[in-house]
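Protein chains: 2
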Amino acid sequence: MSQIVGSRLDPWVESYAARTASMTVSEIRSLFAVASRPEVVSLAGGMPYVSALPMDQMADTVSRLIRERGAVALQYGSGQGDPTLREQITEVMAEVGIHAHPDDIVVTAGSQMALDLMVRVFVDPGDVVLVEAPSYVGALGVFSAYQAEVVHVAMDEQGLNPAALDETIQSLRKQGKKIKLIYTIPSYHNPGGISQGPSRRQQVLEVATRNHILILEDDPYGLLGFDGEVPRAIRADDADNVVYLGSFSKTIASGLRVGWALAPHAIREKLVIAAEAAILCPSNYAQFTVSSYLATQPWREQIKVFRELYRERRDALLDSMKVLMPDGTTWTTPSGGFYSWLTLPEGIDSKAMLPRAVTALVAYVPGTGFYVNGEGRRAMRLSYCYPTPESIKEGVGRLAGVIRAELELLETFGPDAMPHTPMPTFGANTPAPDSL
Amino acid sequence: MSQIVGSRLDPWVESYAARTASMTVSEIRSLFAVASRPEVVSLAGGMPYVSALPMDQMADTVSRLIRERGAVALQYGSGQGDPTLREQITEVMAEVGIHAHPDDIVVTAGSQMALDLMVRVFVDPGDVVLVEAPSYVGALGVFSAYQAEVVHVAMDEQGLNPAALDETIQSLRKQGKKIKLIYTIPSYHNPGGISQGPSRRQQVLEVATRNHILILEDDPYGLLGFDGEVPRAIRADDADNVVYLGSFSKTIASGLRVGWALAPHAIREKLVIAAEAAILCPSNYAQFTVSSYLATQPWREQIKVFRELYRERRDALLDSMKVLMPDGTTWTTPSGGFYSWLTLPEGIDSKAMLPRAVTALVAYVPGTGFYVNGEGRRAMRLSYCYPTPESIKEGVGRLAGVIRAELELLETFGPDAMPHTPMPTFGANTPAPDSL
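In order, the protein sequence lines correspond to chains A and B.
Under the working numbering, the first sequence has 296 at position 263, and the numbering climbs by one with no breaks.
Under the working numbering, the second sequence has 335 at position 302, and the numbering climbs by one with no breaks.
It is worth saying that the hints were derived from the structure and are not from the lab.
Accuracy of the hints is not assured; some may be wrong.
[What the hints assert, rightly or not] Simulated DEER-style distance windows between Cβ atoms: (1) A:G430 - B:P44: 51 to 59 Å; (2) A:E72 - B:A54: 50 to 58 Å; (3) B:R70 - A:H245: 39 to 47 Å; (4) A:A127 - B:R206: 57 to 65 Å; (5) B:L42 - A:H132: 14 to 22 Å; (6) A:H134 - B:L443: 43 to 51 Å; (7) A:M451 - B:T242: 51 to 59 Å.
[Said to hold, decoys possible] Derived coverage of chain B by chain A (criterion: at least 3 residues anywhere in the stretch with Cβ under 8 Å from a Cβ of chain A; other residues may be distant): (8) 84-93; (9) 103-110; (10) 282-294.
[To be verified] Just so you have them, the derived chain B footprint on chain A, three or more residues with Cβ under 8 Å: (11) 45-56; (12) 118-130; (13) 139-149; (14) 285-297.
None of the values given here were measured: they were computed from a predicted structure.
Note that beta-carbon positions come from the ideal geometry of N, C-alpha and C, so glycine has one too.
Given the sequences, and given the hints that come with them, work out the whole structure.
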């Protein structure tokens, strides 16, 4: 819509690059702006609960940092990222079984930027990127920004399905397509809420290496499992065929914007040059803050605090859904991370239902946002990371009420009377980062 | 060089995007690594002298910020940037004559990122970007990353030459080329060290609007003039045909990585979507730090401190060059900013001379780094922003000695015996951000 209005008013409409055609603002954004009001229970956003951080210690750490090393912390730094922090990142990655050299790490302004750089370095317009069905909306946004052809591969209860992956690869290659990346979130999937087990990871890796396709392993939630065992990263078993993306957004704080990529040497070299073109260098200020925090605070204990907090909220979501949701509604059972993926009863469209949900003071992200092909209409992503357990229960009650009302409409007037999403859509189909 | 080695070892060499072909590491990088040793006087880098900041007040500001507003400062924020900071940015821009609405501002991870987003939104491979001759190396890096055709336009003692600009436009259009942007640094040019006067700016704007080409005005140094008068931005006289890039890197601190773009509404909307794909959102932590600093510290007074500091260093550079440089060496006289552009006597190649200069414990950036076409061999950029006046004098003495030695060689053995840069080069032809 806004594109059509823009076309008439914008004197530069003929000047944009071809890739800019995909950059349109979705009408759904205004709904999420409403959903950010305090009276709405938002099960939409993926905001970590940073209030659980020890703020006084954080403040002291930063204050000392500026007093003692301000001249460096407030200065330009290396395009690749601070060497001390890269050393510390190897310790963090050791928790998921990865043994890496600091020189193979590029620090970025959040792992979203690492994702952007990887696509910049690998993807020409029309190249194929394979992603899970569904997949992380922020990744789909990057792929579309570089005019990649995104192809979804089926998941099952263990995550990305290796047989489907292999079939998709063969079929695309028969069509002469160039497949550049397999993008996967093996641990506590966003939005799927499920994890690949160890043998599943081996199978996915086997299919990728046999076909010589690089795996892009996105792992923001790996340390946030609820079962005591930390899933071993795919990268832990193969340093040549996997680029690993990590983030401090969920283990420390998202507002710092510090993430990283771990890549084979030749790729890492190109990522650094691409990073320098993109932002010159990541913020020393944010990097040194993370580095000081890791050096002086009990960060492993703090991650345990986060785990317990999110486990309690996951339980609140699952328990209340079990009691309150109408028959025919199903959902995944996450063993870590931030999300559950809910499937509505046949005949109900999650995007069409969203305005009524927001009116009933509960918000979620419609499933279509996690597909590039209009799928996901019966699904939605529910986040339990930010609201308190009490709010979550309240929100699930409201949501169940809205679904029941839809079911009544459906029973009374039949499927033709039901509102539905008019056509496959993809765009900024999710909340803006601040409207979570 | 590294590309050839990489080709043999890198199993992914066939997988890279076409744009990645330009991403090679220059051999000059290792020289600058040497040049970062403390015994070398570096006139190479553009590092602001952040030690002049009141570190105790900075530390207190940040400490209070985290204690009082940590839950928001450490959280994800808006893709467009914090509304309060955008409001404050309008006050900063009022200093260069711009009256803008906060909604037209996009906050970015340094203005380098704003530049990257602008090129992402406007430039298809093969599109032309017009730049000054010479131009900022970081901008050339972005243009090349998006496969733009960069065309240099002559400067004179008043900066970008409007007649040459018009001629270049007509000639390129006759060749059927699409010109997307005119990239200019009108105030205290990097690396030229000169400024466009008011009537020159009007002429440049007239040529641009008559030809309907967008001006990309990069203004990191506008508030760092030495003559008391702040140059009026081009954007101050035209809100429709100019996108303005601003930065806190030189007025507060480069390590924060906070810059911005001010753009007409339709363009701003696309920049935000592109920014969300690139990094989700700029760092709330860095933004709130800037915002608190602006709200609680005498920032205009601090800019005056920086001005006086850089003026003293500029004087040290100019005075010692006047005394020490051999005949036939010329340079520009900056009235603000960080740089002077020096031209060597005929027959001396600045890039070929660099190893000898580094051996003599002085460093600069060879002129070729600021051109995409191999020009600039007789030129170099000298920065006076970071070393003390005493160091600058010492460095100029060493540099003059190296030039004299080259001149003696030239007189004794003739031009054929002189080392020269073997061919037009462009790449990471300047120091890495941390080797300044």
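A quick look at each hint next to the structure:
1. A:G430 - B:P44: 51 to 59 Å: The hinted range 51 to 59 Å holds for G430 of chain A and P44 of chain B, with Cβ atoms some 54 Å apart.
2. A:E72 - B:A54: 50 to 58 Å: holds, 54 Å
3. B:R70 - A:H245: 39 to 47 Å: For R70 of chain B and H245 of chain A the Cβ distance comes to about 43 Å; the hint holds.
4. A:A127 - B:R206: 57 to 65 Å: With Cβ atoms ~58 Å apart, the hint holds.
5. B:L42 - A:H132: 14 to 22 Å: Given range 14 to 22 Å: holds, Cβ gap about 21 Å.
6. A:H134 - B:L443: 43 to 51 Å: Holds, at about 46 Å.
7. A:M451 - B:T242: 51 to 59 Å: holds, 52 Å
8. 84-93: Held - the region 84-93 of chain B has 7 residues with a Cβ nearer than 8 Å to chain A, which meets the minimum of three.
9. 103-110: holds (count 8)
10. 282-294: holds (count 6)
11. 45-56: This one holds; 9 residues, not fewer than the three required, reach chain B with a Cβ under 8 Å.
12. 118-130: Three-residue rule not met by the region 118-130 of chain A, so violated; n is 0.
13. 139-149: holds (count 5)
14. 285-297: Coverage by chain B holds for the region 285-297 of chain A (6 residues, Cβ < 8 Å).
Hint 12 from the list above is the single one not met by this structure.
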